[in-house]
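Engineer: The primary structure of each chain is shown beneath.
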Amino acid sequence: MIETQEFKVIGTRPIRPDGIDKVTGRAQYGADIKLQGLLYGRVLRSPHAHARIRSVDVSAAEKLPGVKAVITGRDFPAASNETVHAGEGVVNFSYLSENLMAQTRALYHGHVVAAVAAVDVHIAEEALKLIKVDYEVLTPVLDVIEAMRDDSPVVLQEVRTDELGEKGTKPTNIASHGRHDLGDVDKAFANAAVIVEREFVTGTVHQGYIEPQNGTAISSMDGSITAWTSTQSAWDERREISEVLKVPLAMVRVIPMEIGGGFGGKLNAYLEPLAAALSRKAGHQPVKLTMSRDEVLKATGPTSASVMRVKMGADKSGRIIAAYAWMAYEAGAFPGSPIGAGAAVIFGPYRFENARIDYYDVIVNKPKAQAYRAPGGTNAAYAAEVVVNDLAEKLGIDPLEMRLKNGARQGDRRADGPTYGPIAYLETIEAIKVSAHYNSPKPAPSRLGNKVGRGVASGYWGNWDGRSSASAVINSDGRVSYLEGSTDIGGLRASLAMQLAETIGLKYEDIRPMMGDTQTVGFNDATGGSRSTYGSGMAAHRLGLKIIAEMQKHAAALWDVQPEQVNVKGDVYSCGEKAITFKELAGQLDETGGPISVSVSLDTKGALPTFATQVVDVEVDVETGKLQILRYTAAQDVGRAIHPSYVEGQIQGGVVQGLGWAMHEEYVYDKDGHLLNGSLLDYRMPTALDMPMIDTILVEVPNPNHPFGVKGVGEVPIVPPAGALANAIYDAIGVRMNVLPMNPRNVLKAIGTI
Amino acid sequence: MSRKISVSATINGQENEFLCEPRQSLLEVLRDVLNLTGAKEGCNNGNCGACSVLLDGVLVNSCLVLGVEAQGRSITTVEGLAGDELHPLQRQFLENAALQCGICTPGFLVASKALLEKNPNPTEHEVRYFLAGNLCRCTGYDKIVKAVMAAAEEMRAKA
Amino acid sequence: MQAFSYVSAKSVSEASAILAQEGDNAKVLSGGTDIIVQLREGRRSAHVVVDVKAIPELNELSYDAAAGLTIGAAVPMHRIYGDAKLAALYPGLMDSATLIGGTAIQGRATLGGNVCTASPAGDALPTLIALNARCVVASANGTREIAIENFFAGPGRTVLQKGDLLVAFKLPAPQPNSGAAYLRFIPRNEMDIAVVSAGVSVQLSADKSTFIAARIALGAVAPTPLFVPEAGAALIGQPVGAVAVNAAAEIAKAAARPISDMRGSAEQRKHLSAVMTKRTLEIAIERARA
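Chains as they are written, first to last, in this note's numbering: chain A, 1 to 754; chain B, 1001 to 1159; chain C, 2001 to 2290.
Where hints are given, some of them may not hold.
Keeping only pairs whose Cα atoms sit at most 25 Å apart, straight-line, the calculated SDA-like set for lysine to any residue is [to be verified]: (1) Lys1118(B) <-> Thr2098(C); (2) Lys129(A) <-> Arg2043(C); (3) Lys2270(C) <-> Ile754(A); (4) Lys433(A) <-> Ile397(A); (5) Lys129(A) <-> Val2243(C); (6) Lys749(A) <-> Asn2189(C); (7) Lys507(A) <-> Glu1095(B); (8) Lys34(A) <-> Phe1018(B); (9) Lys281(A) <-> Pro77(A); (10) Lys2053(C) <-> Gly1013(B); (11) Lys2270(C) <-> Leu676(A); (12) Lys2010(C) <-> Ser1006(B); (13) Lys129(A) <-> His2047(C); (14) Lys34(A) <-> Glu1017(B); (15) Lys1004(B) <-> Ala2017(C); (16) Lys1146(B) <-> Gly11(A); (17) Lys1004(B) <-> Ile2259(C); (18) Lys1004(B) <-> Gly2042(C); (19) Lys129(A) <-> Asp2024(C); (20) Lys34(A) <-> Ser1008(B); (21) Lys749(A) <-> Val2275(C); (22) Lys2270(C) <-> Asp670(A); (23) Lys1118(B) <-> Ala2084(C); (24) Lys281(A) <-> Val119(A); (25) Lys749(A) <-> Glu2267(C); (26) Lys451(A) <-> Ala2242(C); (27) Lys132(A) <-> Gly2042(C); (28) Lys2027(C) <-> Ser1008(B); (29) Lys2270(C) <-> Gly752(A); (30) Lys671(A) <-> Ala2206(C); (31) Lys1146(B) <-> Leu689(A); (32) Lys2010(C) <-> Asp2024(C); (33) Lys569(A) <-> Asn475(A); (34) Lys671(A) <-> Ile2193(C); (35) Lys671(A) <-> Ile2259(C); (36) Lys1004(B) <-> Gln2021(C); (37) Lys281(A) <-> Ser59(A); (38) Lys2053(C) <-> Arg1003(B); (39) Lys507(A) <-> Ser597(A); (40) Lys749(A) <-> Ala2254(C).
Bear in mind the hints are in silico, worked out from the structure with no lab data behind them.
For clarity, every value in this text was computed on a predicted model and none was experimentally measured.
Looking at chain A on its own, in the form it has when it is part of the complex (with noise of 0.2 Å):
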């Protein structure tokens, strides 16, 4: 039914209505706020990865003209103890206070232990050069392997292992390990007639969003807190600031102000309490904290450093029999690394009727790892993808056909528990196989010596759907007004609009959407897990049905007819001989009954994985082991493209996220555990100079469970680049690549030259 759909607006790719603010400097991001009285603030944090602290003496920052609070952890009640789901993961209370504000241990170089707000930036910052803080310095744990060994330092005392749903009785730094069983894996690897084992080290990566985290706040004499800021979620912010600072839910406003990227990492609270917290202290004047970027490298959202083992086993025909996979991520400093979906992903494009998944979730002096576009996917498929193309290579099949051949399909069950409904992971295979790229020759090497290699790769990623509000108010001309709360990071306005415009037959320029906060629209989940465009584009949809259903009142009212008996047809509302336009009508309101506003809350549900498959050229400089990459293309299910744009952006900026994973980036720690490179210079992200324009193929294979046939796009792009890269370089070099980043240090110490 969906597939004979007819759309007017939805695959169109009309002019997002925040343009214009965003390409003439008007748009408001999170930094960009002026208030009345504004002060500024700035963080101390802990020089030290690992540190009791003994005293903080704020005394003097306190006595410096131009300051106007001081805060520490003595400003922060404890926080309950409760586990809640927020975000694309889960928040315990009491971590997420102590991750904000360091109480009496320091976990990482950046831990906050103390905050200053001034008249101005520079004065607090000298400000902070006054406070003493007395430091125990203890040994950092920095490596996962090292942190799960019996003897290692232990990072929170009170931690002990949930061990396959048992509590461990001792402390650990293995906050969990968890265990998915399919079948029998030891006899089907009995039965194997190839196996191959591999080993993976990956290293901690960062979001890298251009924006730093900023929060601003008002804590009013009222005690209600105001808080404006750059977030992927501000009802998860709401929430945070009101356990942490334990003012009641509906004290707080959270106000989403225009976002400079997140992709995960600005799904929690970093700074807008402690802005709250300082404003309190500073007399109820409004504090805003901006991060510098070495702060945002350093103490925010990294996702998780990760040893990987993967051993898969196949039949002679290049069934893949038996698979396993031993997984350990870095939580950072407090549980909660992206290890389940890591565990759910590994092996997600495929069918297998034995295997098993031992994974653990590991705690380290590092920051706490956060959600990073697909969580835990990336480097769980580098794993993954590179053991099946090594299988692939023994059984002398191609790397496509075996992906075909043990592809999943509808019904098949997931090594982590699910059953697969509907999904579309065959035809990416399949649109890559008769693609150009796949087609042609391999380039030829721009210089002698070096060496072109081909490589595919396939991901999954499961999607979430979650529960979204709007609300719409029609206007005598005939235009909506469309509050819709669902925090657009790339374009949701206009792909939301354009569902609302198609399910009221309007055009795209008669909706006016724009984003509310946590007091002017209802309840929205945050905009992860790819979720925005299905979840708050079906509550587009039950809204427009809304609109539809109180504009037929008012036609029947018009003709003095019952509304069942009014026709709808595009914009066009009929009864026997008579018909009114959606805009005539819309300025008979009056007339008809009096204006016309509604709103939708829905728990959404339904949301379908995608997969896509991949397929890169590189260029590998065997000198001086330097990757070029020459070109990209990337086939994905992308379910309906609401605003195919919008989806083609996502797959090239998804993509080359990838690739900067896979080929330069990691945090670089010294033994002490000081983070070394907290910039750009040296956390090294693409540059346009060092991509080739990466070509997409949208495979339109509709959800039924959406009105439109969504699917969730934003993240499955960023899972197969590192492992189709490796297999690329494997291609090219004939070696195996079982490290991230590839970086050319990395490519030289494989060949063996260093």
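Since the structure of chain A is provided, determine the placement of chains B and C on it from the hints.
Structural biologist: Chains B and C in isolation, oriented as in the chain A frame:
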């Protein structure tokens, strides 16, 4: 606090006089003193390009210029690109979906303007080279490069 | 950022007088792409910042076939590579000028700043050594010249004394049948600090078959940019070709004494010393033959 200095400069074609401390960067002055928040702080050390402005027509990172150095100079920010209509670069960025979050966009627009003034007919490689100091984390650069090439073509056709 | 006062000096004597009086409390502001970051991050400190961009001598950019090239210390990179005549005469210098930072950095960064920052990885430094540059330094006692390879005292340190102001660089006019080049190895294609770099100049015989002069310098493999005279000397009199080039590259590699840091390991840098020397020589030879 050090003494504030009076600085006169032409900003987006307007004569302007402002007070600033020597330690304030031009970026701070633009954003906090002059309320021109189009230039963004992404790294504050010249590695992301989000604060790009033109100083006497030359592309610079405003985080690496002191406000006092603006004395007698002419500065163009993203706010100064459009007249009654959008600059072709601005329109092509919108039509080509060359922005997602948009935080890097002001810097890319200013840098692209500097490129096209110098080289009205750049190759893809020349665009990528010139814009390598401007980081974008959302788009993978594909649509940005295409938008700049499209604007260049449009401007050549008009010239 | 720390508080400081600001002076835009109008003459060499005004600037050097402040530098003489304030000593280490004064910092010279040229392009600002290093010093502003260092002051902001507390890696250097200043009571007074002396802007030298308004001093005429520091803005000179002139070429004379007899005297060679004079580049004021405060001339930004975009002016250097924006001069088509210079680009043809000094392609090695253009390699450096177009590699320092991104385009926006090149709008401000100066040769004097790159030299006075004295990073072992500074992109102009091996080139200036290869091109036999001399530094013109002014102080209350007058003006003196220092050969560029003698200008550096360690990472971030130069031989400049209290009251010294770097005014300009003098580069000899290119010899016939000569060529120069600069290459650096970086993981990305732009915006990185050199892991290893090489600047070379060669002069070939009239029939372009034999090396008659060569200078080779490496970056990021020692506490200062490393002039390797023995590598250049090994080329002299040798037929132009892979054998001589590889031999010089091996000598450069032997001279390199790199450390391991976050940008590269000692083994990697040692290995790359030869690779970069070889590749840079190949370009310089091609230019000499052109």
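Engineer: Are the hints correct? Go through all of them and say.
Structural biologist: Each hint, compared with the structure:
no.: 1; hint: Lys1118(B) <-> Thr2098(C); result: 15 Å, holds
no.: 2; hint: Lys129(A) <-> Arg2043(C); result: 14 Å, holds
no.: 3; hint: Lys2270(C) <-> Ile754(A); result: 9 Å, holds
no.: 4; hint: Lys433(A) <-> Ile397(A); result: 14 Å, holds
no.: 5; hint: Lys129(A) <-> Val2243(C); result: 59 Å, violated
no.: 6; hint: Lys749(A) <-> Asn2189(C); result: 21 Å, holds
no.: 7; hint: Lys507(A) <-> Glu1095(B); result: 18 Å, holds
no.: 8; hint: Lys34(A) <-> Phe1018(B); result: 18 Å, holds
no.: 9; hint: Lys281(A) <-> Pro77(A); result: 14 Å, holds
no.: 10; hint: Lys2053(C) <-> Gly1013(B); result: 24 Å, holds
no.: 11; hint: Lys2270(C) <-> Leu676(A); result: 22 Å, holds
no.: 12; hint: Lys2010(C) <-> Ser1006(B); result: 19 Å, holds
no.: 13; hint: Lys129(A) <-> His2047(C); result: 18 Å, holds
no.: 14; hint: Lys34(A) <-> Glu1017(B); result: 21 Å, holds
no.: 15; hint: Lys1004(B) <-> Ala2017(C); result: 24 Å, holds
no.: 16; hint: Lys1146(B) <-> Gly11(A); result: 20 Å, holds
no.: 17; hint: Lys1004(B) <-> Ile2259(C); result: 44 Å, violated
no.: 18; hint: Lys1004(B) <-> Gly2042(C); result: 21 Å, holds
no.: 19; hint: Lys129(A) <-> Asp2024(C); result: 22 Å, holds
no.: 20; hint: Lys34(A) <-> Ser1008(B); result: 24 Å, holds
no.: 21; hint: Lys749(A) <-> Val2275(C); result: 16 Å, holds
no.: 22; hint: Lys2270(C) <-> Asp670(A); result: 22 Å, holds
no.: 23; hint: Lys1118(B) <-> Ala2084(C); result: 14 Å, holds
no.: 24; hint: Lys281(A) <-> Val119(A); result: 14 Å, holds
no.: 25; hint: Lys749(A) <-> Glu2267(C); result: 10 Å, holds
no.: 26; hint: Lys451(A) <-> Ala2242(C); result: 21 Å, holds
no.: 27; hint: Lys132(A) <-> Gly2042(C); result: 18 Å, holds
no.: 28; hint: Lys2027(C) <-> Ser1008(B); result: 24 Å, holds
no.: 29; hint: Lys2270(C) <-> Gly752(A); result: 14 Å, holds
no.: 30; hint: Lys671(A) <-> Ala2206(C); result: 56 Å, violated
no.: 31; hint: Lys1146(B) <-> Leu689(A); result: 14 Å, holds
no.: 32; hint: Lys2010(C) <-> Asp2024(C); result: 20 Å, holds
no.: 33; hint: Lys569(A) <-> Asn475(A); result: 20 Å, holds
no.: 34; hint: Lys671(A) <-> Ile2193(C); result: 23 Å, holds
no.: 35; hint: Lys671(A) <-> Ile2259(C); result: 16 Å, holds
no.: 36; hint: Lys1004(B) <-> Gln2021(C); result: 23 Å, holds
no.: 37; hint: Lys281(A) <-> Ser59(A); result: 15 Å, holds
no.: 38; hint: Lys2053(C) <-> Arg1003(B); result: 22 Å, holds
no.: 39; hint: Lys507(A) <-> Ser597(A); result: 19 Å, holds
no.: 40; hint: Lys749(A) <-> Ala2254(C); result: 20 Å, holds
Of the hints listed earlier, those the structure fails to meet are numbers 5, 17 and 30, in rising order.
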